[in-house]
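K.L.:
If you read the sequences in order, they're chains A and B.
Under my numbering, the first sequence has 8 at position 8, and the numbering climbs by one with no breaks.
In short: position in the second sequence from 1, add 246, done, that's my numbering.
There's no promise every hint is true.
[Said to hold, decoys possible] Label-pair distances were calculated between CB atoms; the ranges are: (1) B:Ile-343 - A:Phe-44: 14 to 24 Å; (2) A:Val-203 - B:Pro-250: 42 to 52 Å; (3) A:His-140 - B:Lys-271: 48 to 58 Å; (4) B:Leu-330 - A:Val-155: 50 to 60 Å; (5) B:Ile-309 - A:Leu-43: 20 to 30 Å; (6) A:Gly-144 - B:Phe-282: 55 to 65 Å; (7) B:Ile-343 - A:Val-203: 36 to 46 Å; (8) B:Phe-336 - A:His-158: 29 to 39 Å; (9) B:Ile-309 - A:Arg-24: 33 to 43 Å.
[Claimed, not checked] Derived, one-sided and incomplete: chain B residues facing chain A with beta-carbon distance under 8 Å: (10) Met-319; (11) Val-332; (12) Thr-348.
It should be emphasised that the hints constitute simulated quantities derived from the structure, not laboratory data.
Backbone N, C-alpha and C fix where the C-beta goes; we use that ideal spot for every residue, glycine too.
These are the residues of each chain, in order.
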Amino acid sequence: MDSQAIATQPAHGQEEHGHPPYLRHHFATVEQQRETASFGMWLFLLTEIMFFGGMFTAYMIYRNWYYPAFVAGSHQLKIWAGTMNTAVLICSSFTMAMGVHAAEIRKRSALLRWLTLTILLGTVFLGIKAYEWHDEWVHHHVPGLNFSISDFTHVDPHYLADKPLPPDMAEKTQVYFSLYFAMTGMHALHMIIGVSILLILLVKAWGGAYTTGHMTTIENFGLYWHFVDIVWIFLFPLLYLISRHQ
Amino acid sequence: MSEPTQHEVLDTEPTHHATHIVSPKVYGVIFASLLFFTGLTVAASYLELGVFNAIVAIAIACIKAVLVILFFMHVKYSSRLTKLTVAAGFFTFFVLITMSLTDYISRAWGLW
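Chain B on its own, in the form it takes in the complex (with noise of 0.2 Å):
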């Protein structure tokens, strides 16, 4: 019998967590490349793209928050249990304005 991999532990026992230590060179990146986000998404704003500002502003919003959520948050570190209700908590987010968007977009609201 062979030692179990660790996607067999995980299945077995989705919130195994083996205590991992992210080293102060990771999170000097992650501040760095969070620094430099900020820097573009400033120099961005400067330039007329039309509908565009708004998306590049949004994506590096976005880029910014999931760097942030993964490293200094700790969650590309742990476990299934955390991964999924992070996951789960901003799916369930998405759908609740989706659904409030798809109600006043569907309207006449907002023409007076």
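With the rest of the complex left out, here is chain A (with noise of 0.2 Å):
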């Protein structure tokens, strides 16, 4: 077949296939194409456990081994912004899977508007989290950069019962604080890349983009968003909660 006769093939993917021309010809149906999609998005979360999940055992592990200095190192965490900041992650999940109803309806506005929600929610967080960050500096809680043990080697005024540390277990808060930002920082630079395609998102949406029945980027993105979401569901007990007491 010379270059001629392909370019007086019929187009492909127009109406006389019956079918949308957002359907890739490598695919049955529209169905098969949705479910190729988020089977693949599935399968880069799945790698993304794995990732998050090394980093949780080795939480697990240390939190065994230097148990006094993980409780020490936790109670100085605020709770009152971490459950601000689970709540503000909750609703942007919400908005986020509003935001995908929206396109499955096919609503332009309300796409635009959960999305913009979402993004603002997602903003929030990460300011609750650059202010915790930036206490924790200011306290010289940040292993590496200006660590100081003073803070564990007296009895902390908001939790009396605690016994000051030795000064070799008070190192070993370094290893909890190293674990705290090594998490903490992977799960906000996936809120950042989060919120920057979102505003890719947004931006294709204003343009008339995914409420013409085509949705899989919004689908898979709305698959994104949760799955940062269930870190941090996580990460909120582990880092701030269970060691409360003892």
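Hints are included, so try docking the two chains, each in its own frame, into the full complex.
P.N.:
Below you can see the structure in the form of structure tokens.
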């Protein structure tokens, strides 16, 4: 077949095939295309589970080894900030789910509204997180940069039942804070990437994308956003809550 | 010949996936339960439960994660292929964690 013949072939994906233009020709149906995209996205998310899972396992093992240091380190976090951030992130998951729903029922204005709300909530989360990090910097809790064990060798006025740690165990609070910054940092990086992608999605949705029946991008982004929410759902109790007593 | 049931269709085509639009009402209920469980886990952390503080907190986190996966991430309404993929992923993750922990708890590491 020469190039002339190819050029005169009917354009693919047009109405004479009886399927929408966004259906790629290697898929049999729109459902199959959608299913394939979602399957691929889940495989990616499974690699993300393994990625965060390594850090969760490290946290579990070190918490067993240096238990008093992890309790003392955890007592320095602000539970109100963590609780607020959990609520903010759950709200953003809800707005994202509603955004996917808006795309499904092809409502452009609703999609724009929910995406904007999700961006706002994601930014609020990062703002509260930045405030917490700044506070930890001020209190010399950042290992490797400005760490001081003085908060852990004296009795914390908020936790009078705590005994001051011996200096060698107080040094191990650095392990807690290293894991804290690694885990919340990687989570925040995922949030920053998420908000950046959301801005692109918002611009495209403004131009009318995703509300014409082809919405795998929005759907898969929703999966990503909910996954990031799930990581925080586990980070919050492990870092902030489970060491309140003892 | 009677119409094949949904299960028979799924058996012959595990990726069969009739698009299911989840209603905003379901999202609202899940949203409210997630906020409720967040409040519950914070409240439980203020109680003195001994070793159960950690167990309760992680159990509530698991419940919240399952709600997000099933409803917000649509796994409840997905094909068998997707369900199996998600389940296989978490199963593999638990196998890896268990193997790492059996190694650590069976040695005298961390005693110095």
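K.L.:
Hint numbers the structure violates, sorted upward?
P.N.:
6, 12
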